[in-house]
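Enquirer: For this note's numbering, count along the sequence shown from 1 and bump the result up by 82.
Hints listed in this document are in silico derivations from the structure and should not be mistaken for laboratory results. Hints should not be assumed to be uniformly reliable.
As the list claims (entries may be wrong) - Restricting the straight-line Cα-Cα distance to at most 30 Å, the calculated cross-link-like pairs of lysine-lysine (BS3-like) are: (1) Lys234 / Lys263; (2) Lys202 / Lys234; (3) Lys226 / Lys133; (4) Lys274 / Lys146.
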Amino acid sequence: MQHTSSTNFHDFHRGPGIRDAFNTLGESIFNLDGHEWTERRKIYRSFFNIKEFSSLVNQAILDKVERSLVPVLDHFASPKQSPQATVDLQELFQRFSFDTTCCFGLDSLEFKPERWITEKGELKHEPAHKFPAFNAGPRICLGKDITFMETKAVAATIVHNYNVQIARGQDTRPTNAIIIKMKDGLHATISKRWS
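Go ahead and model the full structure; you've got the sequences and the hints to work with.
Expert: Right, here's the structure in full:
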């Protein structure tokens with residue numbers, strides 16, 4: 083990953099397959115190469131560096147959580163719902179945000195906090211090229227920090243307000259696609275933490 087996304091970035095062009103996949107986005111940063119890509123990225127990056135833009139995005143995320151996500155979670159957590167009724171959290175989160183997460187190699191289904199936490203209990207920082215969800219090097223996703231803000235807001239809301247029980251027996255293997263997701267979704271039951 084580091085070889086293609088950082089070290090030898092300019093030797094690897096996106097090609098017609100990527101342009102076709104992102105054709106609906108027009109001539110955006112997702113399907114440009116070379117000089118056009120460099121110029122477009124400079125323009126986009128300038129927006130991300132404006133303090134007011136960051137504040138606006140943060141407020142929009144909080145509003146979106148409150149107005150969009152919480153009502154849906156409340157619906158599925160309602161006592162009127164059957165205790166066996168599940169919601170596909172993957173589908174819900176994809177609808178909430180164009181957000182992807184990806185899966186840690188062969189042991190991806192194992193819970194291993196040591197991936198992210200050092201022996202001293204501090205956060206472990208890993209190079210971006212190890213995880214293709216946000217790319218790395220010159221093509222690193224400009225919206226990565228926004229996605230992390232969004233993820234933190236969603237996680238805090240869910241952990242504070244709801245009990246989530248993942249349905250048993252699911253196949254949580256990832257699909258192999260541009261947008262990595264679990265093959266059959268992530269089904270769970272939801273109940274309110276507070277009465």
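Enquirer: Next pair to validate is Lys234 with Lys263; report whether the Cα-Cα distance is within 30 Å.
Expert: 19 Å, holds
Enquirer: With a cut-off of 30 Å on the C-alpha distance, tell me whether Lys274 and Lys146 pass.
Expert: 19 Å, holds
Enquirer: For the pair supplied as a hint, Lys226 and Lys133, is the alpha-carbon distance within the 30 Å limit?
Expert: Measuring from Cα to Cα gives roughly 16 Å; hence the hint holds.
Enquirer: Can you confirm whether the C-alpha distance between Lys202 and Lys234 stays at or below 30 Å?
Expert: The given pair, whose Cα atoms are some 23 Å apart, holds under the 30 Å limit.
In this structure, none of the earlier numbered hints is contradicted; all agree with it.
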